[in-house]
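From first to last, the protein sequence lines stand for chains A and B.
Residue numbering for the first sequence follows UniProt numbering, starting at 1 and increasing by one per position.
Residue numbering for the second sequence follows UniProt numbering, starting at 1 and increasing by one per position.
I should point out that these hints are in silico values taken from the structure, not numbers from a laboratory.
Any given hint could be a false lead.
[Unchecked claim] List time: in silico DMTMM-like cross-link candidates among lysine to aspartate or glutamate, alpha-carbon distance up to 20 Å:
no., chain 1, residue 1, chain 2, residue 2
1, B, LYS69, A, GLU34
2, B, LYS71, A, GLU34
3, A, LYS72, B, GLU78
4, A, LYS194, B, ASP6
5, B, LYS69, A, GLU56
6, B, LYS16, A, GLU184
7, A, LYS72, B, GLU81
8, B, LYS69, A, ASP54
9, B, LYS69, A, GLU18
10, A, LYS187, B, GLU11
11, A, LYS190, B, ASP15
12, B, LYS69, A, ASP42
13, B, LYS71, A, ASP54
14, A, LYS73, B, GLU81
15, B, LYS71, A, ASP42
16, B, LYS71, A, GLU56
17, B, LYS71, A, ASP38
18, B, LYS69, A, ASP60
19, A, LYS187, B, GLU327
20, A, LYS194, B, ASP15
21, A, LYS190, B, ASP6
22, A, LYS73, B, GLU78
23, B, LYS69, A, ASP38
24, A, LYS190, B, GLU11
25, B, LYS16, A, ASP161
26, B, LYS348, B, GLU327
27, B, LYS71, A, GLU119
28, B, LYS16, A, GLU163
29, B, LYS16, A, GLU165
30, B, LYS71, A, ASP64
31, A, LYS194, B, GLU11
[As the list claims (entries may be wrong)] Distance ranges between label pairs, derived from CB positions:
no., chain 1, residue 1, chain 2, residue 2, range
32, A, PRO147, B, THR26, 43 to 51 Å
33, A, GLU56, B, THR26, 31 to 39 Å
34, A, ASP60, B, PRO41, 31 to 39 Å
35, A, LEU57, B, GLU45, 39 to 47 Å
36, A, GLN183, B, ASN323, 46 to 54 Å
37, A, ASP29, B, GLU45, 43 to 51 Å
38, A, ALA195, B, ARG83, 54 to 62 Å
Even for Gly, the Cβ is constructed at its ideal location relative to N, Cα and C.
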Amino acid sequence: MKPLTRSELRLSLYLEEEQKLWREMLAGDVTAFEHLIDRTYDLLFHYGTKFNSDRELIKDCIQDVFLGVWEKKDALNPEIPPKPYLLASLRRRLHRLASRLRMDCMDYYTETDIVFDLEFSAEYQLIESENDRLLASRMTEMLNELPKRQKEAVFLRFYNDMEREEIALVMDIQPQSVSNLLQEAFKFIKLHWKAIVSLVLALPF
Amino acid sequence: MDRYRDFSLGEFVWDKSFRNWVLNPTREDDETWQNWLAAHPEKRETVERARQLVLSIRPANASLSNPEKRKAVERIVERLEARNADRSEERQLPWYTGRMVRIAAMLVLLAGFAWLFWLHHQEPKVIGYDQLVAGVKEEMRETVNTTGRPLMINLEDGSRITLDPGSKMSYPAHFNGGSQRQVFLSGKAFFDIAKDPSKPFFVYANELVTKVLGTSFTVRSFANEQEVSVAVKTGKVAVFSREDPEAADKQSSRELTGMVIEPNQQVVFVRKTVKITKSLVPEPEVVADAGTAPNFEFDEAPVSTVFSALQSAYGIDIIYDKNVMDECPITATLTEMSLYEKLDLICKAVDASYKSIDGRIVVEGKGCRNN
Numbered sequence: 001m002k003p004l005t006r007s008e009l010r011l012s013l014y015l016e017e018e019q020k021l022w023r024e025m026l027a028g029d030v031t032a033f034e035h036l037i038d039r040t041y042d043l044l045f046h047y048g049t050k051f052n053s054d055r056e057l058i059k060d061c062i063q064d065v066f067l068g069v070w071e072k073k074d075a076l077n078p079e080i081p082p083k084p085y086l087l088a089s090l091r092r093r094l095h096r097l098a099s100r101l102r103m104d105c106m107d108y109y110t111e112t113d114i115v116f117d118l119e120f121s122a123e124y125q126l127i128e129s130e131n132d133r134l135l136a137s138r139m140t141e142m143l144n145e146l147p148k149r150q151k152e153a154v155f156l157r158f159y160n161d162m163e164r165e166e167i168a169l170v171m172d173i174q175p176q177s178v179s180n181l182l183q184e185a186f187k188f189i190k191l192h193w194k195a196i197v198s199l200v201l202a203l204p205f
Numbered sequence: 001m002d003r004y005r006d007f008s009l010g011e012f013v014w015d016k017s018f019r020n021w022v023l024n025p026t027r028e029d030d031e032t033w034q035n036w037l038a039a040h041p042e043k044r045e046t047v048e049r050a051r052q053l054v055l056s057i058r059p060a061n062a063s064l065s066n067p068e069k070r071k072a073v074e075r076i077v078e079r080l081e082a083r084n085a086d087r088s089e090e091r092q093l094p095w096y097t098g099r100m101v102r103i104a105a106m107l108v109l110l111a112g113f114a115w116l117f118w119l120h121h122q123e124p125k126v127i128g129y130d131q132l133v134a135g136v137k138e139e140m141r142e143t144v145n146t147t148g149r150p151l152m153i154n155l156e157d158g159s160r161i162t163l164d165p166g167s168k169m170s171y172p173a174h175f176n177g178g179s180q181r182q183v184f185l186s187g188k189a190f191f192d193i194a195k196d197p198s199k200p201f202f203v204y205a206n207e208l209v210t211k212v213l214g215t216s217f218t219v220r221s222f223a224n225e226q227e228v229s230v231a232v233k234t235g236k237v238a239v240f241s242r243e244d245p246e247a248a249d250k251q252s253s254r255e256l257t258g259m260v261i262e263p264n265q266q267v268v269f270v271r272k273t274v275k276i277t278k279s280l281v282p283e284p285e286v287v288a289d290a291g292t293a294p295n296f297e298f299d300e301a302p303v304s305t306v307f308s309a310l311q312s313a314y315g316i317d318i319i320y321d322k323n324v325m326d327e328c329p330i331t332a333t334l335t336e337m338s339l340y341e342k343l344d345l346i347c348k349a350v351d352a353s354y355k356s357i358d359g360r361i362v363v364e365g366k367g368c369r370n371n
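Here chain A stands alone, though its shape is the one from the complex:
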């Protein structure tokens, strides 16, 4: 077996700890559950707000997700990774909510599905060189132009450090589809990166 690098080791320890909390919670440990909620809340909240801007609604949904997990803790697998599972539950819950709203409001919501709507933004004060600020601005524009599902995959992969299988679980698609989404996103990014860099370099200062 290939030895783990340090950062992989750290990551696996971190995930192991999360898995431990999940197992203890399923065994009925409320304190472990509170730790787990505390650790995953930000991620769930931020992910949720990508689908719906109503903060209170997101909070309610997250609460329902956790209460639902507690409710059926006897039936849940202690070995599934908790983070993707929780994200997937939240996603499903938001979907259901949206379709119910759609039914209630009769075609008020014309979208067939709720969509992941993420805006990337750049904090320019973190960048020293004027040149790179321009680069960051172009990159942000490019990222925001990514198709929604590619954007979601990129968000989970690069901003939440998830593996292909975990993303598949969250987005409820095949791992191969995740690979395809990421590959397409990358083709897009690389293509534009070249154009951006050459453009930025060509600009006179």
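Following the hints, complete the assembly by docking chain B onto the known chain A.
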């Protein structure tokens, strides 16, 4: 870390380990990267630019302040504990402990018992021996065995019937007319029927009809017993229920249709459930047929040889996985044993087990290739 030597700005920005270090730095990561940078000072500028880009370009997250999050988490835990409390209260008083519920359950049970009792004491609609005999136009003779020993009856066609104590049988005085020979039985009898394919022989025993062309078999059908059974000693017989909608066809056909049973098999009709099942007789006997006594002495013989010897001696199908079990050699002297004793011994030797299913023996074993 070697691969980073030739990384461009863009490659750093989208490298997972690099991003991890920038976005979620740990002391170990930081150490690793600082060491690497010290060894590759020419990369310092690129790395710094990439770091700034990674840090600055982020998804626009709705802000969630710490107190706000704390409040939300606490709310979940409170709800959860409230739910737990509810549940433990429920556990103290499950719904079925209520007095009314208990009384109602009692009543339902009583009603159920009453209904069962009524069902049981209904007059059975079974047409028995007497009704069957009364329905025959021919001139009949009846023999009743009131002695304590079996009674032999010789029929006109050469068939011999051994009637057990407490049993009775009606049969035609002469088998001259008609294309059938039919007799009626109440109780138990062993039939050794003379062969006459043009005139099949029928035994009517309450619910079951047994049709034979020429064999020997036992029919057991006492009016006060729960089961009616037919067991074959030699040849083949067909058995069907008198209630069978196709009974007429099965009777007139030249072939043996219905449930066909062979030596050492029996058919049991359970009166209560009106079900006919085929099984092996309790004590299978060697089918006296070849004239030579079968040889049950084996020396390092493959299982298949042993099974096929048993199969032909008893006329019973033995089903097993030849591929799996044939590697198991058997050395044994099995004469003087009943079939089931033989099977017990063989199965013990090869670590297998057997079941009697539908009048056949099914042997299951894991084989002994590892021995």
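Hints and how they fare:
no. : hint                            : result
1   : LYS69/B - GLU34/A               : 12 Å, holds
2   : LYS71/B - GLU34/A               : 12 Å, holds
3   : LYS72/A - GLU78/B               : 18 Å, holds
4   : LYS194/A - ASP6/B               : 17 Å, holds
5   : LYS69/B - GLU56/A               : 12 Å, holds
6   : LYS16/B - GLU184/A              : 17 Å, holds
7   : LYS72/A - GLU81/B               : 15 Å, holds
8   : LYS69/B - ASP54/A               : 15 Å, holds
9   : LYS69/B - GLU18/A               : 19 Å, holds
10  : LYS187/A - GLU11/B              : 13 Å, holds
11  : LYS190/A - ASP15/B              : 13 Å, holds
12  : LYS69/B - ASP42/A               : 8 Å, holds
13  : LYS71/B - ASP54/A               : 17 Å, holds
14  : LYS73/A - GLU81/B               : 14 Å, holds
15  : LYS71/B - ASP42/A               : 13 Å, holds
16  : LYS71/B - GLU56/A               : 12 Å, holds
17  : LYS71/B - ASP38/A               : 11 Å, holds
18  : LYS69/B - ASP60/A               : 12 Å, holds
19  : LYS187/A - GLU327/B             : 60 Å, violated
20  : LYS194/A - ASP15/B              : 17 Å, holds
21  : LYS190/A - ASP6/B               : 17 Å, holds
22  : LYS73/A - GLU78/B               : 17 Å, holds
23  : LYS69/B - ASP38/A               : 8 Å, holds
24  : LYS190/A - GLU11/B              : 9 Å, holds
25  : LYS16/B - ASP161/A              : 8 Å, holds
26  : LYS348/B - GLU327/B             : 15 Å, holds
27  : LYS71/B - GLU119/A              : 27 Å, violated
28  : LYS16/B - GLU163/A              : 11 Å, holds
29  : LYS16/B - GLU165/A              : 16 Å, holds
30  : LYS71/B - ASP64/A               : 15 Å, holds
31  : LYS194/A - GLU11/B              : 12 Å, holds
32  : PRO147/A - THR26/B: 43 to 51 Å  : 34 Å, violated
33  : GLU56/A - THR26/B: 31 to 39 Å   : 35 Å, holds
34  : ASP60/A - PRO41/B: 31 to 39 Å   : 53 Å, violated
35  : LEU57/A - GLU45/B: 39 to 47 Å   : 46 Å, holds
36  : GLN183/A - ASN323/B: 46 to 54 Å : 48 Å, holds
37  : ASP29/A - GLU45/B: 43 to 51 Å   : 50 Å, holds
38  : ALA195/A - ARG83/B: 54 to 62 Å  : 56 Å, holds
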